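The listed protein sequences derive, respectively, from chains A and D. Here the first sequence is numbered in numbering that gives the first Met the number 0, starting from 0 and rising by one per residue. Here the second sequence is numbered in numbering that gives the first Met the number 0, starting from 0 and rising by one per residue.
No lab work stands behind these hints, which were simulated from the structure alone.
Once the Cα atoms are required to be at most 25 Å apart in a straight line, the calculated SDA-like pairs of lysine to any residue come out as:
hint, chain 1, residue 1, chain 2, residue 2
1, A, K1, D, L110
2, D, K97, A, A35
3, D, K93, A, G22
4, A, K67, A, E136
5, D, K97, A, I32
6, A, K105, D, K46
7, D, K46, A, P29
8, A, K105, D, V44
9, D, K46, A, A35
10, D, K124, A, A5
In this text, all values refer to a predicted model and were calculated from it rather than measured experimentally.
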Amino acid sequence: MKRILAFAPLVIALIFGGFFLWGLNPDRDPNEIPSALISQPAPNFDLPAVEGLESPGFSRSDFDDLDKTVIVNVFASWCVPCRAEHAVLTSFVEQDGARLFGINYKDKPEDAVEWLENLGNPYERIGADFNGRAGIEWGISGVPETFIVGEDGTVIYRFVGPVVGDAQYSKFHTALLAAGAIEGQN
Amino acid sequence: MRIVFIVILSLFPFAGLAVEPDEILSDPVLEERARVISKELRCVVCKNQDIDSSNAGVARDLRLLVRERLVTGDTNEEILAYIQARYGDFVLLKPPFKPETYLLWFAPPLLALISIIIGAMVLFKSRNRKVRCSLTASDEKEVAQILTAFGTGDNK
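Just chain A, with the same shape it has in the complex (with noise of 0.2 Å):
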């Protein structure tokens, strides 16, 4: 028994240890929060088309005749980080031929009109969401914020916050290959 004792310092070192070096792994963020939605079906929805914008309305129908895998993308005019991000979406949809719907949310209608004009409209699809009630279903937390839909209306991958930067890019880059909504070059 005093032998085992003698043991204990080490170990309950070892399970710090073992939790600090969980804690302190760069590559975790604290404030990643795990999606319900994930491997779900993507949520019911039904958003009208932006007032003064050609691209039609997004409901969730529009997931039921799909031919490859789409990104979902919620922005707003009101939102900075999203104007930085606009760049990478309309590359995706441009270079890689990816489709891409948008959900407009608690936006003014002319407000985003004007973005859009300003910047180009990459999207497909653009559902007004005036009171966030589309945002609440897609369990978002802020704008902007990405999702990834497969052929089958099924939610593959979430990502929060814009897709700016070398680091996040890739990141995103990569789901978007493994899901099959853009075509890898060479």
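Could you slot chain D onto chain A? The hints should help.
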């Protein structure tokens, strides 16, 4: 006593600061239930605040959603389940009791139990340890030898 009463009363309006007047339901019973539910839900932006006291936009949306569903006749459990389905366990301030959280729920009482057992064992042992008052036979013999050795040397 009166002063204390006034002080406590004056603190009341600040308790629900984040809930804006336009959100409050006209039915006081439903509103009371809405408050109870709101206290159970975490504001997903501020991380450690319930939605009842958070000023974040999402918190307000959730408060409105809770009230909307209360009016349509949902039970408290149904509303919590509805929001949990969308935001995961994280949205509940009180973690649910299920296999993944057994460690979380059982660790504190288990650790307390272990420390009580160890503490009791140590105390019990130290109390039962007999303090020897007399010498053993071999000790007596040795002492007698030493004494006789000294006796022959010094006293005579």
